[in-house]
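The task is simple: from the sequences and hints, build the whole structure.
2 protein chains.
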Amino acid sequence: MGARIVIDTIGGDNGAAVCVEGAVIGLKENPDVSLILTGKKKELDRMLQEYTYDKNRLTVIDCSEEITCHDAPVEAVRTKKDSSLVVGLQQIKEGKADAFISAGSSGAVLAGAQFIVGRAKGVKRTPLAPLLPTTEGNSLLIDCGANVDAKPEVLVQFARMGSIYMQNIMGVKKPRVAIVNIGAEEEKGNALVKATFPLLKECKDINFIGSIESREIPFGKADVVLTEAFVGNVILKLYEGLSKMILKEIKGAITSTKKSKVGALLIKKSLKKTLNRFSANNKGGAPLLGLKGLVVKVHGNAKKEEIISAILQCKTFVENNVSGKIIEGLAAQDGEQ
Amino acid sequence: MGARIVIDTIGGDNGAAVCVEGAVIGLKENPDVSLILTGKKKELDRMLQEYTYDKNRLTVIDCSEEITCHDAPVEAVRTKKDSSLVVGLQQIKEGKADAFISAGSSGAVLAGAQFIVGRAKGVKRTPLAPLLPTTEGNSLLIDCGANVDAKPEVLVQFARMGSIYMQNIMGVKKPRVAIVNIGAEEEKGNALVKATFPLLKECKDINFIGSIESREIPFGKADVVLTEAFVGNVILKLYEGLSKMILKEIKGAITSTKKSKVGALLIKKSLKKTLNRFSANNKGGAPLLGLKGLVVKVHGNAKKEEIISAILQCKTFVENNVSGKIIEGLAAQDGEQ
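Protein sequence lines correspond, in order, to chains A and B.
At position 299 of the first sequence (counting the first as 1) the number is 299 in our numbering, and the numbers step up by one without a gap.
At position 82 of the second sequence (counting the first as 1) the number is 82 in our numbering, and the numbers step up by one without a gap.
No wet-lab data here; the hints were simulated from the structure.
Just so you know, not all the hints are guaranteed correct.
For identical chains, the list gives no copy identity; a pair is met inside one copy or between any two copies.
[Said to hold, decoys possible] Computed cross-link-like contacts, PhoX-like style, restricted to lysine-lysine with a CA-CA straight-line distance of at most 20 Å:
1) K80 x K248
2) K269 x K248
3) K325 x K121
4) K259 x K303
5) K41 x K81
6) K268 x K251
7) K272 x K81
8) K221 x K244
9) K124 x K292
10) K315 x K93
11) K259 x K273
12) K188 x K237
13) K80 x K173
14) K248 x K221
15) K273 x K258
16) K55 x K41
17) K258 x K303
18) K261 x K272
19) K40 x K258
20) K174 x K325
21) K173 x K40
22) K251 x K272
Below, the structure written as structure tokens:
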């Protein structure tokens, strides 16, 4: 049996339509995958009528409630039992699905994943780990989630999870792990980094290459960029905001004169390929690692392409048993200590 | 008497030549400023011979030692008494100069500023506060220096210093101060942000507008971007690294085909204006605030333009008595508490 993936169709900025279209294409591209859509059945059925697809591999579950970004996350997850988010996560808890994809409220997805799906055995905290585009390909940024002010032992677990992810999902042989720091030397850093550094050096199963300054991240100097969630969140959002700002400024500049407008037309095709690399839509969202199942948070403004990429990511994750490998990896280390 | 500014001519990647050229131009552009160059007198005199300049306003002090980025900062500042850095800072301590500019080792500049120049009255810590280019102009990022794991009261002082700086140097009327956070809501954040937030809300002399997510920084949502030094350092270096990477990728893309190369020629002029905005060279370096005098750290790879901008920054700082205003501002607040 192939991967069974739930798609939460409520909460994204672009509505259920992008989820439905992404689902239908994902189904076609991955013949062994089956999908469950949670949301407003009537609306979903009407949208689905416009496509031809394998009806045996796509189910819709009707939900009467919805969680928005205005809801208090924990409260919403606890009280809105018939929301597309809670019902979807429940499928994983009950063993009816392997993975869950949502474009809804980050806070609610993170809270729901903790409360409903729950941490896997031996996992201290569950990190959110998106891929960042670099000149060399992609690096995994771990953690950007809700674990602010994490402890050193927690960061070491994150390093291990990130390595297993990059090895199994991205096919990197010995993923280089580096900790975000404000200088290259071992004695640099804040209290957390100074306490974590020696622990990482001791781990034989982690290819720890030392500190990484944030200016080196875009140049792919590490495969796993390890940091505490507050800093990770700052890096992720600055990456997005600054890319957007620079591209906007450049677009403004090259369409500012008649002459440059002609030039803009000539470079359009070459430029588009590059800009697509910075588009969040091709990354397939950020996985929340260390759960009893996979939860993937896609961007609030995800388009069908991101849903399709997320489906592929979930399939690869399940087929490679990454969850199992993470549990094994952490257990092996616990035994070692 | 106009501002008296020391330029440390050793330690920058581009050698003493850019300092000398920048100094001569700065002297011409600012008729009330006088300059002191510290470094190798023989070499400096030889370089200076090639220019005509007001010899009454430029002095050279010969130094026999140099501090490099390979030296341990604190150790170097303590032992290399005749280095261009120590001799230059000593000028401020002895009241012979008002400001000091260096492209040398960040660590040594920060350490020297603390030990030799010293903190002004009432100042808990001295933040390094560079300007970041935004779509709206520039925002001050405070702190990127050595004060990692700072306390809430320290951040409040930084907010005050940053406001005074933006008001007096950049002419912003009521500078909007925001604290870097991982969400817009007051209950979000790590322990430090949560503890600092209410303190900032109470300050009547600070125009505190709440949290800023890093993705909003490039769009100029705040004039003073307040954060603890570790996060500030990550933001500053990611800003530099990511800008560099994106511009490099775009350049590569638009020169990849014959057609796009023609287009690239046509957009060159319009694009250059935009790219210059992201160039560090126009910002005049990062001031270290709260000292008994001004210390400005310019980039290691600073060119003459950055030296010239730094001279202008120092002049404005001294003429507006920003140091005095910071001391007054902090004292007023201490009285209030």
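Under the constraints set out in the numbered hints, which ones does this structure not fulfil? Failing hints, ascending: 1, 4, 7, 13, 17, 19 and 21.
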